[in-house]
Amino acid sequence: MPRPASGRRLLPGFGLSLGCTLVYLSLLILLPLAGLAFKASELSLAQWWAIATSERALASYRVTFGASLLAAMINAFFGLIVAWILVRYPFPGKRVVDSLVDLPFALPTAVAGITLATLYAGNGWIGRHLEPLGVKVAFTPLGIVVALTFIGLPFVVRTLQPVIEDIEPEIEEAAAMLGASRWQTFTRVLLPALFPALLTGFTLAFSRSIGEYGSVIFIAGNLPLISEITPLLIIAKLEQYDVVGATALAVVMLIISFVMLLAVNALQWWAASRLHRRSGSADERR
Amino acid sequence: MFRVIRKLPAVLVTLLFAATVLAENVSLLNVSYDVARDFYKDYNPLFQKHWKAVSGESIELKQSHAGSSKQVRAVADGLEADVVTMNQASDVDFLAEKGLVAKDYAKKFPTNASPYTSTMVFIVRKGNPKGLRDWSDVVKPGIQVILPHPKNTGNGRYTYLAAWGYALRQTGGNDRTAQDFVARLLKNAPLFAAGGRDATTTFMQRKIGDVLISFESEAELIAREFGKGEFEVVYPSLSILTEFPVAIVDRVVDKKGTRRQAQAYLDYLWSAAGQENAAQNYLRPRDPDLLRKYAAQFPAIKTFTVDEVFGGWAKASSAHFRDGASFDQIYQQK
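Protein sequence lines correspond, in order, to chains A and B. Just so you know, we're using the numbering used here here: the first sequence kicks off at 35 and counts up by one. Just so you know, we're using the numbering used here here: the second sequence kicks off at 43 and counts up by one.
The following block holds chain A by itself, in its conformation from the complex:
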């Protein structure tokens, strides 16, 4: 698009809105993070490394990131089904089910944690039936996965819904008429279109889980080296008024999370560009 000679954009308001964006993001995100980095810089690199790689810290990274990953994967699978059902099929009570999905957003996390712990404890409604089978959920790492799955669900469903709405049913019909089996229609036609959104939902659920504290501590059991999450260790340090030590762990989480988010974004960008290339070449063939 040829630009006007003055170099100004056609759409008005770019300067103002960019300014707003930068100020807003700086105040909300960059400033606190800078404070965190500043506080952590009171430690020498060797001290920081010693705190960050202590036995309990390493075990807590495994628990936190492992449980978050597992919970996000479970949500990606079931969230897709839920979103699909909610968009594609009319059924009685659909509105209610749809609003149920948002509940984990609204419920205070501590309430969620206590409720889940009570349900999954040995004498709880669900735990009562699981324990005879030898499955212990509450107060084990499995309980952490349950809590994180609970809080992560809406992220997947809400990101997928608008995308599914955009896929017209005619596309599926066309695929069927061109001889695709149902499975082929799903894997070759629908999934590629859904994949970027699915990945976004997965990432959101995953990152939300990493930072989750309130619901997890009530169901985790919090045993050192077994079911301690990293946010709990951060609180432990704050309890001893060891603010610097707490920021050391916070920085580790920040770095790992940032690298992971960056990797997922790269993957998404790659998937999106592949999709475009494919549809582009299809156009040419046509």
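If you're looking for bench data, these hints aren't it; they were derived computationally from the structure. Careful, some of the hints might be misleading.
With a straight-line cut-off of 27 Å between C-alpha atoms, the simulated DSSO-like cross-links for lysine-lysine are [what the hints assert, rightly or not]: (1) B/Lys-357 with A/Lys-73; (2) B/Lys-168 with A/Lys-170; (3) A/Lys-73 with B/Lys-140; (4) A/Lys-170 with B/Lys-229.
Following the hints, put chain B in place on chain A, whose structure we already have.
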């Protein structure tokens, strides 16, 4: 200049008026730990009545309750508390270190600045089916112990130190044997609860564990919530005396001009009415006569203080709860 002078009477009247309005609205903010809510809810009206009688001044009392170390950090960060009433000396020590509270705050009031005490006791299932009588029974293999996180909660820290002190006082007891003893106790914990109340819920409602270790005062709250017949309280042969230090926040009262009221507010905790209120909230009063009066509620128990066995909270923290201290060591041995 003239104009200002001419207006001076008006200004003075306004100032005077403002001053009286301010004086009428004296308010104190008491920043406190989580479970003190009931105690101060009962205590505040008592003090308001008393203060009105002795000074003619009505006073507004505001309360803030949350986890004690969170509260203390908020005060250090500028929450304008006139007084702090905590459940562990290390929390007030932190404010003293920051210069908000006098370094010798423990000497500013009687009985170590702690108007009441409590102790750690065992709460067992009805009939005490596992026959748990003392700390040595609780650490036996196969007994499940419920306690809050020993590093993250004041309640858990007191339990940890109580077991440690008990082991030290046994014949041949030293730091080595005490650490082994506490390690056995922690090994019996199927989980570490998020807080004191969470531990209670886990034990009473979810029916997990053979024994819950908690404050004596908590036992009464359990009775109110779950009924008296559901559990029994067992007093071990030796336990820890838990103190609840109070202090005036110098920096705030000097700024607000509320030192007189803050002093009276805390002093009154040691009065007959204040002590009676403690006893009614199942906290052991310092007044020996009153303790005798409530003897049925507070059976005699041998206790030690953190100062006696550990040389104060600062030392106890660095020896047991800091990074790499005794608690961490227990989990690194495995």
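Cross-check of the supplied hints:
| no. | hint | result |
| --- | --- | --- |
| 1 | B/Lys-357 with A/Lys-73 | 25 Å, holds |
| 2 | B/Lys-168 with A/Lys-170 | 26 Å, holds |
| 3 | A/Lys-73 with B/Lys-140 | 17 Å, holds |
| 4 | A/Lys-170 with B/Lys-229 | 18 Å, holds |
Comparing the model with each numbered hint stated earlier shows that all of them hold.
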